[in-house]
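Novice: Residues per chain are reported as follows:
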Amino acid sequence: MAFVAVAAPVAVTGRANTLQSKVEDLAVGSRSHAGVIVGHVILVALALFSVFPVYWMFATALRAPGDALDQTLLPWPLSFENFAYVWNTVPIGSMLVNTFVMSLILAAVQLFIAILAAYGFAVWDFVGSKFLMFLFIGSWLVPFQVTMIPNYLLVSQMGLLGTVGGVIVPQLAGAFAVLLMVQHMRAFPRELLEAAQLDGRSSWSTLWTVVVPNMKPALAALGIMGFISAWNEYLWPALIMRQGDALIQVGVRSFLSAEGNNWGATMAAAGLACVPVLLIYVFLQRYVVDAFVRSGLK
Amino acid sequence: MFVTVAAPSGAVAGTADPTPRRRRIRPARLVPYLYVLPGIAFLLLWTYSPLVQTFGLSFYDWNLLPTSPKTFVGLDNYVEVAQLPELHTAIVNTVIYVAAFLVFSLVLPIAIAMLARQVRGRMRTFYQALIFVPFLVTPVATSAVWRWLFAEQGAIATILAGAGIDMPNVFRDADLAIWAVVVIVGWQMLGFGVLVVAAGFAGISPEYGQAASLDGAGTGTITRRITLPLLSPTIVFLALMTILLAAQWTYPIIDLLTQGGPTNSTTNIYYLLYQFGFQNFDTGISSAAGVIFFLGFGVIALVFLELQDRLSFYDN
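Chains as they are written, first to last, in this note's numbering: chain A, 908 to 1205; chain B, 367 to 682.
Note that these hints are calculated values from the structure, not bench results. Among the clues, some could well be false.
[Unchecked claim] Computed footprint of chain A on chain B, listed as stretches where at least three residues anywhere in the stretch have a Cβ under 8 Å from a Cβ of chain A:
(1) 436-445
(2) 449-462
(3) 477-488
(4) 534-546
(5) 638-646
[Claimed, not checked] Non-contacting residues of chain B with respect to chain A, defined by C-beta distances greater than 10 Å in every case (computed):
(6) ARG395
(7) THR508
(8) ILE531
(9) LEU594
(10) VAL657
(11) GLY664
Treat the numbers as computed from the prediction; the structure is a model and nothing was measured. For glycine and all other residues, C-beta sits at the position ideal for the given N, C-alpha and C.
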């Protein structure tokens, strides 16, 4: 399986401990001053390349509307007029709330379904389990674009075209969440399961009182990943909503095409569309990086 | 109930409970299916059944309107789609995208991870945190900010003007537009690649290099003969992911910035499916092309999984 290959969550956040660092030094040739400096130069350049566009987006948004074309590095004097303009022109507040609730629902349901399925796969060996597991793995090879016409027709038959519900339903179960969850569950100590069984607990109560409470970090990482993926999903909301101001992707897209080269306002709207995910990243960085890098999937 | 879990627990259950096994196993056998059921149901409803339907639609002529009839045309859609110049352009562009992203998500990350591996501790965590940011920026914002950076009065034009270079309108230039899309999506994927490769490196036990070093192997030899082979699972994984997903990564940016143009110069295979299906309302052509891409990528994935088994040097 392709995505099992990426290992070592420990190092994802760069928390290699010093002992390992020392051994590594021996392995790759000792740590030279020149090597360290080269490393810093490269990483600084890369970090600037990565962050500059995001910085520039907020910098442009924070200039006074008359200064929008300024190319000075610091936006000064600061002004919130662009944000006020966006706020008064489109219902950006309700777009943010709607998209937030939608992403929360999707993350929660995906997590719930993944917990159940992974528990079934990891704890029991049952007839057909290999085949059913293969269905989850194989779905990795079915690009959404190949199935989008039948999906669209089904949503249309359900009468959900143009609604947030129509955006939600096809995404309720995430195969990747299931696969990642199976990995975590298989690593769960058997002894605890057996002890719970000796206590006379049913499998259902074992799941919620023994397994789930002991997997909080993994669940948090998966939940956050589900939320961010739902927030950043573009294709399906664009197809189902077409226009309208209900969801941030579609609403901001309309705003961008209406405002054209009004750079201050477009950057303010674009910035607002990223703020929730960036805030999650600031506060929960370790979970975010762990989840995406371990899964290797968006 | 864990009666059927595994040998040891079965034995435990046997001693703990005197009821005949047969009667207890039957309900337990159903239990795992119940847990798996919701996930499987959704998967069948939204992935596999639509896949079968796409396959079916590829043999019909239809315009997506429920009221208009479907006409069976056999393999005509496949014949037609194979001759479409748009399809050839889209495939060529997709190959360009894949090749370019192999650089952004694989080659550059490996080079960067190697050159930067002597930076450790807090600073490294800090850099990695910044490098990962573009991956999280939502597509509408990504396209908006890059349109601004590439604009006539934008930052890049200003810098180039300082160097005496006149920047054309990149998104209207049939030769440049595809490279603009590559830069934008490459910007998003680079940090992701760097972190995945760094994780791969961290998973390699340093003892091998250490031993080779004691035997007199130089840094270059260790890299070539030990580090890269041990990194091969990560490399194969990133390469496969790039090939399978490059067209998906570029989709939102294409839709938001170029709509496949100018003159189809930035379109890719998945954007083409969208245009066939939802702009031309030709479900037959879209489905036939979709089936071809699905099978093509399926073969590529199988080849890669085989490669991974053969080439990977697992570190036990």
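Novice: Determine for every hint whether it applies to the structure shown.
Specialist: Now the hints, each set against the structure:
With 0 residues having a Cβ less than 8 Å from any Cβ of chain A, the segment 436-445 of chain B misses the three-residue criterion, and the hint is violated. Beta-carbon proximity to chain A at under 8 Å applies to 0 residues in the segment 449-462 of chain B; the threshold of 3 is not reached and the given coverage is violated. Interface restraint, the segment 477-488 of chain B with chain A: holds (8 residues with C-beta to C-beta distance below 8 Å; minimum three). Counting residues of the segment 534-546 of chain B whose CB falls under 8 Å from any CB of chain A gives 0; the rule of at least 3 is not met.
Proximity of the segment 638-646 of chain B to chain A, defined as three or more residues with a beta carbon under 8 Å from a beta carbon of that chain, is established by the 4 residues found. Chain A draws ARG395 (chain B) into its interface by the beta-carbon criterion, the shortest separation being 7 Å against a cut-off of 10 Å. Under the 10 Å C-beta cut-off, the non-interface status given to THR508 (chain B) relative to chain A is violated; the minimum distance is some 8 Å. Listed as outside the interface, ILE531 (chain B) is consistent with that label: its C-beta sits roughly 16 Å from the nearest C-beta of chain A, beyond the 10 Å cut-off.
No beta-carbon of chain A is positioned within 10 Å of the beta-carbon of LEU594 (chain B); the least distance is around 13 Å. Not every Cβ of chain A is farther than 10 Å from the Cβ of VAL657 (chain B); the closest lies at roughly 7 Å, contradicting the non-interface assignment. A beta-carbon of chain A is positioned within 10 Å of the beta-carbon of GLY664 (chain B); the least distance is around 5 Å.
The structure shown violates the earlier hints numbered 1, 2, 4, 6, 7, 10, 11.
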